[in-house]
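S.K.: So the chains spell out like this:
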Amino acid sequence: MSTTSKRRQGDANAKNEELKPSLWQKAFNSESQWDDKDEFLDVIYWMRQLTGLALGLIWGLVPLKGLLGLILFVAINVAIVYYFFNSFHSVDEEQFGGVSEILKEGLMTSFATFLVSWIIIFSALHS
Amino acid sequence: MLEDSLLIVFISIFTAFLGEGLTWLLVYRTEGYKKLKSQVEKQSKKLEKQKESGTDPNDKNQKKKIERQEERLKADNRELSMTKMKSMFAIGFAFTSLLSMFNSIFDGRVVATLPFVPISWIQGLSHRNLMGEDYTDCSFIFLYILCTMSIRQNIQKLLGFSPSRATNAQGGGLFQPPQFSK
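From first to last, the protein sequence lines stand for chains D and W.
Add 41 to a position in the first sequence, counting from 1, and you land on the number used in this note's numbering.
Mapping to this note's numbering: the second sequence position 107 is 102, numbers consecutive.
Only chain D is shown next, with the shape it has when bound in the complex (with noise of 0.2 angstroms):
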């Protein structure tokens, strides 16, 4: 009996596995919760990563040059993650230990991969 009992909880654990999301689920569905708040920063820091990689290439393309390009790309990158955690998913920054910490979340790796996909199609294409 316990045998059967234990099974059965083991087959509902598996299904509640399976209908949780998965974390970029969640990150598109503007009603997700964010209960952890490391997962939502997560989020925003792998979202950082993509946004510079993304930026890069297109400003190299382009191409953009000099400080113009620099500014613009913190510009876009700050106001990418506000419109995220503002108004996508409307969370309470104070939870996050305010609006700073939020916007700070892996913006440095988030320049610096900006950086080399920049100079690296920027020198293949223009140079």
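The set of hints was computed from the structure by calculation and includes no laboratory data.
Every value quoted in this text rests on a predicted model; they were computed, and no experiment measured them.
Among the clues, some could well be false.
Unchecked claim - FRET-style restraints, in silico, Cβ to Cβ:
no. : chain 1 : residue 1 : chain 2 : residue 2 : range
1   : W       : -3        : D       : 115       : 24 to 30 angstroms
2   : D       : 91        : W       : 100       : 28 to 34 angstroms
3   : D       : 127       : W       : 155       : 57 to 63 angstroms
4   : D       : 66        : W       : 112       : 22 to 28 angstroms
5   : D       : 104       : W       : 26        : 48 to 54 angstroms
6   : W       : 118       : D       : 113       : 20 to 26 angstroms
7   : W       : 36        : D       : 149       : 34 to 40 angstroms
8   : W       : 63        : D       : 98        : 24 to 30 angstroms
9   : D       : 149       : W       : 61        : 40 to 46 angstroms
Unchecked claim - Chain D is nowhere near these chain W residues, computed Cβ spacing over 10 angstroms in every case:
no. : residue
10  : -3
11  : 0
12  : 23
13  : 28
14  : 37
15  : 97
16  : 98
17  : 107
To be verified - Pairs of lysine to any residue, SDA-like flavour, derived with a Cα cap of 20 angstroms:
no. : chain 1 : residue 1 : chain 2 : residue 2
18  : D       : 106       : W       : 128
19  : W       : 37        : D       : 120
20  : W       : 46        : D       : 76
21  : D       : 78        : D       : 90
22  : D       : 78        : D       : 95
C-beta: ideal position from N, C-alpha, C; glycine also.
Go by the hints and put chain W onto chain D.
M.R.: The following block gives chain W in isolation, referenced to the frame of chain D:
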């Protein structure tokens, strides 16, 4: 030039994986390190929750309790840094030799063209050992440093080797001096 840039990215990926692999072999997989790390993370999260729940400024006992926990956490953080130190020195020495080898291979070579002119105190790095006054010419070391900043951090995060945010927020580490309670 494109081949040089891509080679530098590849070198950066290779050295990042090599560095993390060696660190895992010598440090991360040891029982002592795992135990200490788990202890530090639990303490950091507990302390963070206590601080977030708010402290009564007149409650001296609660304040003292939090201070004691902070000191214990800093001591554990220092111990954690010490367990990593010897291995990190050895790995650092190996990588310095590797880096100087690559430096000599790429010495004087323009590996990329920068789409911007770096500010003067970065030009020493970006234009290192390059001929001429065109500061959009990029040297090996500058591109390598940028690649490493991006790639190593992301690899650490992907492999789960970076310290938790709670641990970083509470500070501590090897160079924090011990503080004595009043």
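S.K.: Now tell me, hint by hint, if it's right for this structure.
M.R.: The hints, checked one at a time:
1. W:-3 x D:115: 24 to 30 angstroms: holds (27 angstroms)
2. D:91 x W:100: 28 to 34 angstroms: Holds - the Cβ-Cβ distance for residue 91 of chain D and residue 100 of chain W, about 32 angstroms, lies within 28 to 34 angstroms.
3. D:127 x W:155: 57 to 63 angstroms: violated (29 angstroms)
4. D:66 x W:112: 22 to 28 angstroms: violated (44 angstroms)
5. D:104 x W:26: 48 to 54 angstroms: holds (53 angstroms)
6. W:118 x D:113: 20 to 26 angstroms: Because 23 angstroms falls inside the window, the suggested range holds.
7. W:36 x D:149: 34 to 40 angstroms: violated (23 angstroms)
8. W:63 x D:98: 24 to 30 angstroms: violated (51 angstroms)
9. D:149 x W:61: 40 to 46 angstroms: Once the Cβ atoms are compared, 30 angstroms apart, the range 40 to 46 angstroms for residue 61 of chain W and residue 149 of chain D is violated.
10. -3: Non-interface label fails for residue -3 of chain W: nearest chain D Cβ at 5 angstroms, not farther than 10 angstroms.
11. 0: At roughly 5 angstroms from the nearest Cβ of chain D, residue 0 of chain W sits no farther out than 10 angstroms, so the non-interface label is violated.
12. 23: holds (19 angstroms)
13. 28: Non-interface label stands for residue 28 of chain W: nearest chain D Cβ at 21 angstroms, farther than 10 angstroms.
14. 37: Holds: least Cβ distance 14 angstroms, greater than 10 angstroms.
15. 97: Nearest chain D Cβ is 17 angstroms from residue 97 of chain W, so the label holds.
16. 98: Residue 98 of chain W is indeed farther than 10 angstroms from all Cβ atoms of chain D, at 19 angstroms.
17. 107: violated (4 angstroms)
18. D:106 x W:128: Measuring from Cα to Cα gives roughly 19 angstroms; hence the hint holds.
19. W:37 x D:120: Answer violated: residue 37 of chain W to residue 120 of chain D is near 34 angstroms, above 20 angstroms.
20. W:46 x D:76: holds (18 angstroms)
21. D:78 x D:90: Judged against 20 angstroms, a Cα distance of about 19 angstroms means the pair holds.
22. D:78 x D:95: violated (26 angstroms)
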